[in-house]
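J.: The chain contents come next:
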Amino acid sequence: MSDTVLLECDDLVKVFPGVRALDGVGLRLTAGTVHALLGENGAGKSTLIKVLTGVHSPDGGRLTWCGRQVQLRSPLEATRTGIGVVHQERNLIPGFSVAENITLQHPPSQRGLIDRQAMTAPALACLAELGVDLDPHQPVRELSVAQQQLVEIAKALHTESRVLLLDEPTASLSPQEAEHLFEVIRRLAGRGACVVFVSHKLEEVFAVCDTVTVLRDGKSVLESAPLADHTHDDIVGLMVGRAHTATELRPRTVDRSAAPTLVLDAVSTAGGHRDIGLEVRPGEIVGLYGLVGAGRSELVKAVLGLDRITGGEVRVHGTPARITSPRQALHEFGIGYVTENRKEEGVFLEQPVVRNITVTVWKRLAKALGFVSARAERDLAQGLVDRLCIRVSGLQQNAGELSGGNQQKVSLAKWLAADTKLLVIDEPTVGVDVRTKRAFHELIWDLAADGLPILLISSDLAEMVTLADRIVVMTDHRVRGEVDNDRDYDRVSGRAIRLIHDRDTVRS
Amino acid sequence: MNSVNTLAGQGSRAAGALRRFSRSTAAMLLVVVVAGYVALGIASSGAFFEGPSVRVFLQYLATPVLIGLAQMVALCVGQLNLAVGALGGFTACLMGVLMADHGVPAEVAVLVGLLTATAIGLATGVVIVATRINGFIVTLATMTILLGAQYRLTGTRTVDGYSRTLRDLGTSAPLNIPLVFVTALVAAALLAAFMYRTVAGRRLLAAGGNPLAARLSGISTDRQIVVAHTLSGLLVGVAAVTATASLPGVNRSVGGDWLLPSFAAPIIGGVALTGGSVAVFGTVLAAFVTRLIDAARAQFSLDPSWVNLLIGLVVLGTVAGGRLHQTRLEKSPQSPTALPQPGGAQ
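Sequence order for the protein chains is A and B.
Per the numbering used here: the first sequence = residues 1 to 508.
Per the numbering used here: the second sequence = residues 1 to 346.
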């Protein structure tokens, strides 16, 4: 049973104008396994998934399903073959019930009339197979993101998928939800399916996967190998293509006696924060650590005027500040906010790179009658593109065409263009590959070394330990304590985690 | 044991459905309609509850209901139909001219009218899908063309010498319930059954709710756009028939004031402009509300300009209220996270 090969690809090639997105990829998916598909952004994972699900047809190579050569000409054909996929974006009909979404492909019907009774049983069966307890009659829009994801997996079960591709399934899940998802994945593999797990989080990959394929520059550098034979560092080395060394950054010292740029003094907000105290000094990186939902982004948004501050005082450069809008935060106080959600809040996807970068400084560039010189815009943008090593084909390229990491850099560039006096960076490296992550870390570090105060929000403890000078730990909209970072991962992470979990000891 | 469980399950489901309904726009509108009607009744010292008043009230309700439904069908796949009024006016004039000037029997003229309106809707849908031009622009063009055609048909005259039978049907009201109103209600009921019960209707909604997900499930979104415009055309055709039957005559001004009410009814009724939702009951009730405003205007002999002002305000108020409600839902921490904006739903 366990050595039945379900899907095999051989020497797959896919060429887009100017790029060989896939350049000889091999992959062997065996029944009953959880298969990790790894690679940096741009290594070809998305293209491979699109080829396997019939969205793109390959320009070369062979696909075999259970020993027979197949051609997948459309997503529907892939589904019929038995290949299901759960994308990063939710693909459900929000107004429909759970049961109707699960049976959407072939809704049970009689003479053109939907039979709602008949869709309940198969939906319940699929949900039960996943060990998920959901009301099949509930509209999907009322479910959480994690629940919606499970509905999508149930939908794939309903179409009898034997290969299930999960693209970054944990990106928007809390740790508990992710743990539940892993149980579901193991359960599916136990039933003889093959689950392909795409993730940037190596810890998860090692926790749940059996075999691994690593892509680099469109080639498979490690092909369907048992994961147990490889260490964390091996895999990173394969992905990056050079030995991974612990990030080395030039030394940087913080003048703790300098006057803080931003002070929060006993701040409460309408969102539920109470008694928040925080200081950020010039050249200092202050980390704001906590679990998802601890209220970190919400706190920053309140400071920027996107939510109401109900008590306490915010001081910028020593003077009390009433900030009512991000516009005021930027123009009067020089506070820039690099958002977590770059696709929806950070960049204008349909706009060229140059305009994305200069949006914050149009006022400064503008001459008489609000005319913005194209040349001034171009010069400024080019400078930042070079400085941040943003990979673009040209300044006129639309931001939407860039990879995730480069989009994040564009988002950062626009704040640098504005000469901000304080930078708030929210989850800078979520969904970003290892190499870009390092480049980002160096960038943030250098900005601080040049004297810029930075407030860094991250759920990645390793990132915190690498970058932050002090780590402020938050849970339930309150500050639980502060850890001085001496860059010893075990010691610092231990203290931070203890602050989250042992609330009583902190209070006493 | 098993049946008990099922019963309990159904009970809780019914309770859930009831709870959902009590929070819905339709429930709110139902309260507004009943309260408004009672208030008008009291203000008119009971005259408003009497047969003739009820009859007049319902007589002029048929058209707003039907054009609201026609717009709703277009909205449910994320499209819109600017040609509702022009198509209705053109169809009404076409039927009038066929009967009065060419002696075509009423049944044939009505059939030709319905088929023409449906065919024009179909053509609109096909053009939108084939050219990939935004539906706004295509229906704007259709509207202008049809306005020209309507003028060409009637010129400046009013065509009124047509079928007595059709007129009689249009004004007859057994038990003070006008037939045209019954027609509108039947159309609404059929449409509701189509949307909630048939596979074809669910496909329409799926394509409107999340085009990408629908495509991945083997549903052709292009086909759904064509179906929606065709259905919209058919409903406009029905509206034109009721208008022709109940108006004293048809001329170039028929349909001229349909566009705002056609949007007002579904929007007040709780239909999302982004597609994926229908509210047949809500749309019918919203048409009631706009009609109530009109009736109140007549009752208190206010200036007619108040009606449009009020309807405009109600539309804005509903949309703003819906927005506020949405924001409050998103901010309350215990509510399940709302769907991330489906990227393909623009």
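Keep in mind that the hints were calculated from the coordinates and are not lab data.
Even glycine gets a Cβ: it sits at the ideal position worked out from N, Cα and C.
Check the hints yourself; a few may be wrong.
Not the full set, but computed from the structure, chain A residues with beta-carbon under 7 angstroms of chain B [what the hints assert, rightly or not]: (1) G95; (2) L113; (3) I114; (4) Q117; (5) V372.
J.: Hint by hint, note whether the structure agrees.
T.: So, going through the hints one by one against the coordinates:
1. G95: holds (5 angstroms)
2. L113: holds (5 angstroms)
3. I114: Hint holds; I114 (chain A) Cβ to chain B Cβ min 6 angstroms, cut 7 angstroms.
4. Q117: violated (10 angstroms)
5. V372: violated (28 angstroms)
Figure legend: structure checked against the earlier numbered hints; hints not met, in rising order: 4 and 5.
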